[in-house]
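Taking the hints into account, I'd like the entire structure generated from these sequences.
Protein sequence lines correspond, in order, to chains H and L.
Residue numbering for the first sequence follows full-length UniProt numbering, starting at 1 and increasing by one per position.
Residue numbering for the second sequence follows full-length UniProt numbering, starting at 1 and increasing by one per position.
Be aware that one or more of the hints could be misleading.
[Claimed, not checked] The following label-pair restraints were derived from C-beta to C-beta distances:
| no. | chain 1 | residue 1 | chain 2 | residue 2 | range |
| --- | --- | --- | --- | --- | --- |
| 1 | H | Gly-201 | L | Ala-151 | 15 to 23 Å |
| 2 | H | Ala-104 | L | Ala-57 | 40 to 48 Å |
| 3 | H | Ala-132 | L | Ser-90 | 30 to 38 Å |
| 4 | H | Pro-109 | L | Thr-66 | 25 to 33 Å |
Read the hints as simulated data drawn from the structure, not as lab findings.
Keep in mind it's a predicted model, so treat the numbers as computed, not measured.
Heads up, the beta-carbon is just placed ideally off N, CA and C, and yes, glycines get one too.
2 protein chains.
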Amino acid sequence: MTRNETNDQAEAVRRPGGRSARVRADVLRATLEALAEHGPGGGLTLSEIARRAGVHATSIQRRWGTVQNLILDALLTYSQEQLPVPDTGSLRDDMVALARLITAYLDTPLGTALAQAMAAVDEDPALAGSRAQFWQARYDATRTIVDRAIARDELAADTDHQLVLELLVAPLHFRALLIRQPVEEGRIERMVDALLHGLAG
Amino acid sequence: MTRNETNDQAEAVRRPGGRSARVRADVLRATLEALAEHGPGGGLTLSEIARRAGVHATSIQRRWGTVQNLILDALLTYSQEQLPVPDTGSLRDDMVALARLITAYLDTPLGTALAQAMAAVDEDPALAGSRAQFWQARYDATRTIVDRAIARDELAADTDHQLVLELLVAPLHFRALLIRQPVEEGRIERMVDALLHGLAG
Numbered sequence: 001m002t003r004n005e006t007n008d009q010a011e012a013v014r015r016p017g018g019r020s021a022r023v024r025a026d027v028l029r030a031t032l033e034a035l036a037e038h039g040p041g042g043g044l045t046l047s048e049i050a051r052r053a054g055v056h057a058t059s060i061q062r063r064w065g066t067v068q069n070l071i072l073d074a075l076l077t078y079s080q081e082q083l084p085v086p087d088t089g090s091l092r093d094d095m096v097a098l099a100r101l102i103t104a105y106l107d108t109p110l111g112t113a114l115a116q117a118m119a120a121v122d123e124d125p126a127l128a129g130s131r132a133q134f135w136q137a138r139y140d141a142t143r144t145i146v147d148r149a150i151a152r153d154e155l156a157a158d159t160d161h162q163l164v165l166e167l168l169v170a171p172l173h174f175r176a177l178l179i180r181q182p183v184e185e186g187r188i189e190r191m192v193d194a195l196l197h198g199l200a201g
Numbered sequence: 001m002t003r004n005e006t007n008d009q010a011e012a013v014r015r016p017g018g019r020s021a022r023v024r025a026d027v028l029r030a031t032l033e034a035l036a037e038h039g040p041g042g043g044l045t046l047s048e049i050a051r052r053a054g055v056h057a058t059s060i061q062r063r064w065g066t067v068q069n070l071i072l073d074a075l076l077t078y079s080q081e082q083l084p085v086p087d088t089g090s091l092r093d094d095m096v097a098l099a100r101l102i103t104a105y106l107d108t109p110l111g112t113a114l115a116q117a118m119a120a121v122d123e124d125p126a127l128a129g130s131r132a133q134f135w136q137a138r139y140d141a142t143r144t145i146v147d148r149a150i151a152r153d154e155l156a157a158d159t160d161h162q163l164v165l166e167l168l169v170a171p172l173h174f175r176a177l178l179i180r181q182p183v184e185e186g187r188i189e190r191m192v193d194a195l196l197h198g199l200a201g
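Listed below in structure tokens is the structure:
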């Protein structure tokens, strides 16, 4: 056991959550900030993140292995914190609540920067895996909204989960990234009602 | 009248379409290529476009005035060429046809690069006006799809044109820019049917 590990344990006893949790939070935060500045394909290195977070690069490497694992962990952790899956008891209200959370997320400087970075970069092999895993994890987290709606007979049993989530999430990103118009009062509700009942309905 | 203008007119007589139309096409093409390389906020100048197009910067300035006018003209002209508004006789088929055109457009290197550039850049004042005008012009061009559907009683008279078009167009851009998954066979039809008849329908 090294002297540092002993210190870590001592501090972990003193402070609930502990040094390990704090270091992890610092490293993930440094990763997001670097990602927002560089874009995910922009040559982000473990040593730059280590410098920003004030920890040793070797500690990061021991814990996450590669930059791409670290990026994935940072994006997923951040989105889970910012975008908890609503459970209101109805599909409409769940969709409205999730859309509001995503709109607020995309309206923050970090949310904007991350979405721009994900949209902008040319695919490099290191990122390609993280991107697919990120969206898969987001779908896995939010598919319970669709599962619960099926259980309540609000949606057919053979509903395409991904289609529901994409139709809800895509217009919010389209506005934030491409049109750059704010989502005006009442628009989320009108959008959700159109999705649920159909434009021709 | 200068010697060059005399030559222009002589050439315009010799070749239908003429030198003026050819210069315009060359300048717009050079603008798109530069835009795709730089991103629209990336310090695009009239002199760089002039060099790429092989014309004098003063000719560009006389014709378009500013870089932002030129960018707007280039993007609108290109999208009008690539995305003619379908008129099939039914709303469903118009929506499917437009979605196919947009998917194919976003799948070209130039289409990808332009969408990435529009998504990526921080807003500069020069671009902000062009962006709003670009999307307004695209909505104006495609709203006839909704108008004709209202006339055929396929949509209610108070249908929100922009909502219809955004719900159709956004998932295609979301896939191309953020998820980077190809649009698989049959997905456009399933998406259009969900939009028309509702997820809960």
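Against the structure, the hints come out as follows:
1. H:Gly-201 <-> L:Ala-151: 15 to 23 Å: holds (19 Å)
2. H:Ala-104 <-> L:Ala-57: 40 to 48 Å: holds (45 Å)
3. H:Ala-132 <-> L:Ser-90: 30 to 38 Å: This hint holds: roughly 36 Å between Cβ atoms.
4. H:Pro-109 <-> L:Thr-66: 25 to 33 Å: holds (29 Å)
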